[in-house]
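**Q** Spelled out from the first residue to the last, the chains are:
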Amino acid sequence: MAEEERRLSLNIQQEHIISKYVGTGNTDMSKHDWLVNQHRDTYASYIGNPSMLYFISIVENEPIAKLKYNFLQKMVQPCGPPPSHKQF
Amino acid sequence: MNINKDKDNKQKETKLFRKKTNPQEFLEEMAQVNIGENSAEDPFFETKRRTIKDRENDYQTKGREIRNKDLLLQEQTDPFLNINKNSGNSNSNALSYREIMMMRENEIQEPLILEKIRQKKIDEKKTQISAQPQNTSQNEQPRNSVNSVVNENAVRKRRRWDVANPEVEPKKIENEENTNGKPQIRKSKWDIGPQKEKDENQEKISGTRIRKTKWDSGPSIEEEKSIEKQNSWDSDEENRKKTSRWDKTPLVMNNGGVTPVGTSGMTTPVYGTPQATPDLIRQYRYEKEMDERNKELTDDDLDELLPRDGYKILTPPPTYQPIRTPLRKLQGTPSLNSDQTPLYEIPDSGNYLGEDLPPTPPHLPSFKPEDYEFFGKILEQKDGEELTTEEARDRLIMELLLKIKNGAPPVRRRALRLITEQAREFGPDALFNQILPLLMSSSLEDQERHLLVKVIDRILYKLDDLVRPYVHKILVVIEPLLIDEDYYARIEGREIISNLSKAAGFSTMISTMRPDIDHINEYVRNTTARAFAVVASALGINSLLPFLKAVCRSKKSWQAKHTGIKIVQQIAILMGCAVLPHLKSLVNIVFRGLSDSQQKVRTITALAISALAEASAPYGIESFDPVLKPLWLGIREQRGKGLAAYLKSIGYIIPLMEPEHAAYYTKEVMPILIREFQTTDDEMKKIVLKVVKQCVGTEGVTALYVKEEINPAFFNFFWIRRMALDRRNRKQLIETTTEIASKVGSSEVIRRVVFHLKDENEPFRKMVMEVIYKILIDLGATDVDIRLEEQLVDGCLTAFQEQMSDDGRIIVQGFSEVLKILGTRSKPYLPTINGTISWKLTNKSPKVRQQGADLIANIAEVQKQCDEQKSLRHFGGLLYEHLGEEYPEVLGSILKGLKSILVSLGMEEMNPSVSDLLPRLTPILRNRHEKVQENCINLVGRIADLGSTHVSSREWMRVCFELLEMLKAHKKSIRKATVNTFGYISKAIGPHDVLLALLNNLKVQDRQNRVCTTIAIAIVSETCGPFTTIPALMNEYRIPQLNVQNGVLKALSFMFEYIGEMSKDYIYVVTPLLEDALSDRDLVHRQLACNAVKNLALGSFGLGCEDALIHLLNYVWPNIFETSPHVINAVYEAIEALRVALGSVRIMYYVLQGLFHPARKVRAPFWRVYKMLYFYDQEALLAGYPRIIDDVWLDSRLLSGVECNAIVQSKRNLDPNLEGKNPTNQNQIQNQIQNQNQNQFENENQFENENVFDKVVRNNYLRNELEYFI
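Chains C and L are the protein sequences, given in the same order. Numbered per the numbering used here, the first sequence finishes at 88, counting up by one with no gaps. Numbered per the numbering used here, the second sequence finishes at 1270, counting up by one with no gaps.
It is possible that part of the hints are untrue.
[Said to hold, decoys possible] Listed next, the in silico SDA-like pairs over lysine to any residue satisfying Cα-Cα at most 25 Å (straight line):
no.	chain 1	residue 1	chain 2	residue 2
1	L	Lys827	L	Gln801
2	C	Lys20	L	Phe1156
3	C	Lys31	L	Tyr1149
4	L	Lys1161	C	His16
5	C	Lys66	L	Thr1028
6	L	Lys1161	C	Val22
7	C	Lys20	L	Gly808
8	L	Lys629	L	Ala617
9	L	Lys987	L	Thr1028
10	L	Lys1161	C	Tyr21
11	C	Lys20	L	Arg412
12	L	Lys844	L	Gly808
13	L	Lys690	L	Leu704
14	C	Lys20	L	Gly407
15	C	Lys74	L	Ile1189
16	L	Lys864	L	Val903
17	C	Lys31	L	Gly1154
18	L	Lys968	L	Lys987
19	C	Lys74	L	Arg1187
[Stated by the list, open to error] For the chain L half of the interface with chain C, some residues (derived, Cβ under 7 Å), not all of them:
no.	residue
20	Tyr311
21	Ala1164
22	Trp1167
23	Lys1171
24	Leu1182
Simulated from the structure, these hints should not be mistaken for lab results. We put the CB at the ideal spot given by N, CA and C, even for glycine.
Starting from the given sequences, assemble the full structure and let the hints guide the process.
**A** This is the structure:
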C-alpha cells in the first residue's frame, strides 16, 4: 500500500493538472464518451483554424459562417445519444 | 539495580535518596522557569507549532473578537428567494436588511447614550452622597434598574467586608444569599452576566445587542476573552483586593502560583471548566508528555530494560519508607499545573482536555486536544438508529471536516471531493454552521485554515445562489484574511470573496456589506473596504460606481465617507492600470473629501488619489484636474499626517504632467518640501524623499533649478549620520540622491558627499560609498575633475582603511568600482593603495586580510591597465605565500585574488609560475568549504584552459581524481565549474589516459563515486568527441558485471544529453547495445537504458533516424506495465521523448491497442500515456484518430441476423440525431446491414473469439497509416 502511494505521489501533480481538462479521459471512460471528445475536438479545431475552414468551405460550397454554425451544432451530440446497454 | 551489597544500610539509603531526587537548585530553577513567562524561557519556542492567533497583532486579535460576535447573529434573508418562492420555507427568523441597519445604528448610539447616563448618574450621586451619609439601607433598594447598579458602584469603595456586596460577584451571590437573607433579583439587563449574553442574543432577534460595558463585566469564568491574557477581570480583582477577602475571585488556571498549594479549602473552588485556549492546551500537552516520560518504572519495565544475568533484585532496607502522602509529593515535584490540580474538575463532554479522552474511531484521523471542542460529538458512541436524519448528516459533515483538517493527503482529498459533491444535499445551513465557527477558532493553524478555506471555495461553486443568506457570515470569517501578514492568505481571501460575489450577485453583496461601512469599529471598516475592492474587481468597477458615489457623499457619518474613499484607494491598489477607464469618475467621487471637515477623511482622500495616480501612471492627468487646486492649496494648511498624505499624492501626480506644468507645480510645492526637510518624523522623511525623487525625475524640472533650489537644503538636512540608521530611510535617500545626480550630473553630487567618506561613523561612510558607487555606475566619471578625483580616491582609501565591521563588501566594491571607472587615471594613486593592501594582507585580523585579498581580486585588471605588472607580480608572490591560510573565507578570497592576477598577467608572466602554483592547489581542492572549493576550481580550470602545458600530465591526473569528488557538491556553481575544468583537463592531456582511469573506476563499490565517474566520462566524450569514448564504453559493456554495465549505460545517457544533435551519428552504433539492455532481466538495467533512449531521442529528433527510434520504441513499450516508481518514470520519460521525436500519432497507435482492454490494470497505463499525448499535442492527434465503426453493429454480431436487423432499423427510425447528422455513420450502417444480410445468407455468422474492437482498430490503423503517410 505504502509503495503504491509513493508511486502515485511521484506523478500526482502532473496527473492532477492533466485530469483538470475536459477530454483527457480516464480509465473508466466509455468508448462513446471517448469518441464524443474526439469529434468535438475535431470540430473545435476546424472552427479554430481559419485555413481549414476556407478549405472545407470550398469543398462543401458553403459559406464559412454557416459551416461554423453547423460545426457548433454538431458538437452537441456528435455521435448521437449515449448508448443504453440495457436495450440489448 | 544496586549490586553493591557490602555497604551498610544507612549509606545505601542516602544514596538511594540522592538518586531519586534531583538536586534542589535544579528544581528551584525549573520552578522559576515555570512560574515566569513560560514562552520567553522555552528553548523549543522556535520549533513550536504556531497558530494563526499567535502571530496576529493586537489590532487583528481585537478585530477578530468583535467579528466573532457577529457570527452569533441570525443569517440574513435572501430577498430574491422571497420574491421567487413563497417565503414559507425560508428561514423566518432571518434578519432583514432593515433590521440589521437598525442594529448598527443602535451600536453606534449605545455608547454615546451610556456615556450620557453615566455622567448624569455620577453627577446625581455626588449630590446624593453629600445629602445622605453612609447608610446601609441603600442596599435594600430593589436592584432592577440601571440606577441602583450605578449607585452601588459609586459607593463601593466605602464598603467594608462585613457589608454585603452582592453585585460585585454574581457567582458568589448564591452562596451568600443565606447570610444576607436577601433574594437576588435579576431583571435589569445591566445585571446580566456575560454568560447569559449568548442566550439573550439568540432570544432577542431584532432587539439591541447587548454590548459589554464595564458595568456588567463581572469576574465570571466564562469570560469570552482567554484567561491567560490577564485582562479586565484580573484588574478588577486587583482593585478590590483591599475590600474584602470574601470578594476574592477564585483563581483559575493562574500560572503565577499565587494560591498556595494544598490550601484549596481556603479559596472558592473553580467554577466550571476552563476554555481550551491554545496556550493552555500546549501547556497541558507538554505536561502530559513530561508525566509520560517521567512516570515511575514498573517492575515489568525494569525487567525489560536490564539484563537478567548479573543483577539481583534486592529487598528495600527496612528503614526505607516510600513517600505516600500526596501533599509532600506535590511539593517535591513542582510542575506547571501542580497548584491547580486539586481544583481540577472532571471536564464536561465536548470540552476534553485530560487523559480520559475517548479513543478515536479507526476510520478517523488522529485528534488533537484542541479538536475536542468542535469534534467531540463524533466520539460519542451512538447507534445509527438513534440518530435523526439531521444529526446523522451533521455527524457526517463533521467527520468529513475532521478528515480534511487532520487527515493525510489521500484521505483529505477524498473527503474534500465528497463534501463538494454532496454540498447541495447537505445544504448551506448544515455546512456553514460547522465550518464558520471552526474557521474563527483560536487554535487554528495556517495549514488548517488554508484547507478549510479551500472547502468553502469548493462548496461555493456548488451552492451558488443558495449561499446568499450566509454571505455576511462568510465575509466575517474571510475578511480577516485580507489583512493577514501572509501573502498567500491574502490571495486566498481575495479569491474566496470574488467567488462569493459571483455566486451571490452584486445586489446581495452590497446589501450585506452596506451595514459594515459605517461600523463603529475601525477594523471592521478597514476589512470591509478591502472586501469591497475585491467585489469591484470581480464584478467590474462600473457596477460599483453609483454605490460609491452615494457612500462618499454620505452626510450622515464621516465613517461612511472614509470607508467609501478607502474602497476607491483599495480598488486602485488592487487593480492597477485597470482603473484607467473609470479614472475620471473615481476621482470625481473622492475629490470632495479633500475639503471635508474631518481630518481622517482628508488624509484618506489624499491617499486614495495617490493610489489612483500611481495605478494610472503615466496616463490620465486630465482626470486629476479637479484635485490639483485643493491639493496644492491644502499643503499650505495641513500639518502632520495630513500633510504627508497630501505630499504623497502630489508626488504621484507630478510625473503624469506635461513638462511645463510639472515645472510649475514643482516650484509651488518645493517651499513646503524644503520646510519639511527638517522634520524628525521618519514617515514624513520617507515621503518627502520620495516626492523629491518624483519631482526631480520629471522632464520639466531643470538641472539649474535643482542645483540652486533643492540641493543646498537637501544635502544639508538629509546627508547626516542619523539617516544611515534606518534601513528604509537609507534606501530611499540613496535612490533620491541618484535621481538628483542623473539630473545635475555626477560631479555635482559627489562633490557634496565625498568628504563624508572620512566621517567617523561607519554606517554613514557605507551609505556614502553606496551612493557614489551607484552614481558612478550610472553616469561614469567623465565629469569628475582632477581635484574631485583626488578627494574621491583619498576618501575611499580612508574608508577602506578605517573599515572595521563584518560586512564590508560595499566599501571594497565601491572602492574598486571607483578605480575601475577612473581606469588609467588611477595610476598616481596605485602605489599608496598597494601599500595599504600589503599592510592589510599581513594583518593579524582575518577580516582585514580578507578585505585586502578581495580588493586585489577586484582591481588586478586596473593595475594591468596602469602598467603595474610589477606590483601584481609582487602581490602574486604575497598571496602564494598565504595559501596556508587557515580561515576558509580568507583563503577563498586569496584564491580569487590569485585567479584575477593570473588572468591579468597571463600564464607566462605569472609570478609564482604555474608549475609551482598547481601542486600547491591540489591539496586545497580537498577543502570542504564552498567558497574555497569554488575559487580553487575556477583557478585550476583557468590554468588547465590556458596553461596546461606548464604542468605535467601526471599532475593533471592527480587533479582529475580530486575533481571527481567535487561532482557531487551541493552548490551548483561548483559542479558546473568542476565539469568545465574536467573538460579542459581532458582536452589538455588527451582522453585516453583519463578514460582508462575512469572506466576502471566504474568497478568500485561506492555508488556516489561511480555516478560521478559516469558524468566525467560523458564530459570527456563531449570535449574530445564521442568517437574517442564510445568504442571503449561498448567494449566495457561486455564485462559481465552489473555495476560496470549500469555505469556504461548511465555514461551513455549523460553523453547523449551533453552531445545533443551529435547523437544521430552514433544512434545505429549503440542500438544493439540498447536493445540488449532493454530486454535485460534486471530492472535497473532497463531503467538506465530508458534514460539513455530518452536522451538519444531528444538529441536526434528531426534528423531522420525514425527507423532506429521506432525499433527502440518497440523495446521500450512493453515496460509500461512496470510498477517500480523509478523504472516506470524512466519508461514514461522515454516514451515522451520518443513522442517528441516520432510524433504523437505514432505513439497513439500503440496506445489504441489497450485503451479499452477489459482488465483495468492493462487499461490504466495506456490511458496514462493517452492523457499525456492529449495534454501535449491534442491538435496533432486529430489527423490520426481511427475510424471506428458504430458499436450497434458490432454488438449486433452477437445476435442473430434478424434481430440485429430489427434493432438497427428501429435505431434508425427512433433516433433523430442519427438521421442526416452523421452521414458517414449512416452510410456505414447501411453498408454494414447489407454485409450483414449477405453474411446471413452465406451462413458465416460465426462469432469470433478475438476482441472485435481490436481487430477494427488494427484495420483502421493500417488504413490510417496509409492515409497519413500518403
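**Q** Of all the hints numbered above, which does this structure not satisfy? Sort the numbers upward.
**A** Hints 5, 7, 20 are the ones this structure does not satisfy, whereas the remaining hints hold.
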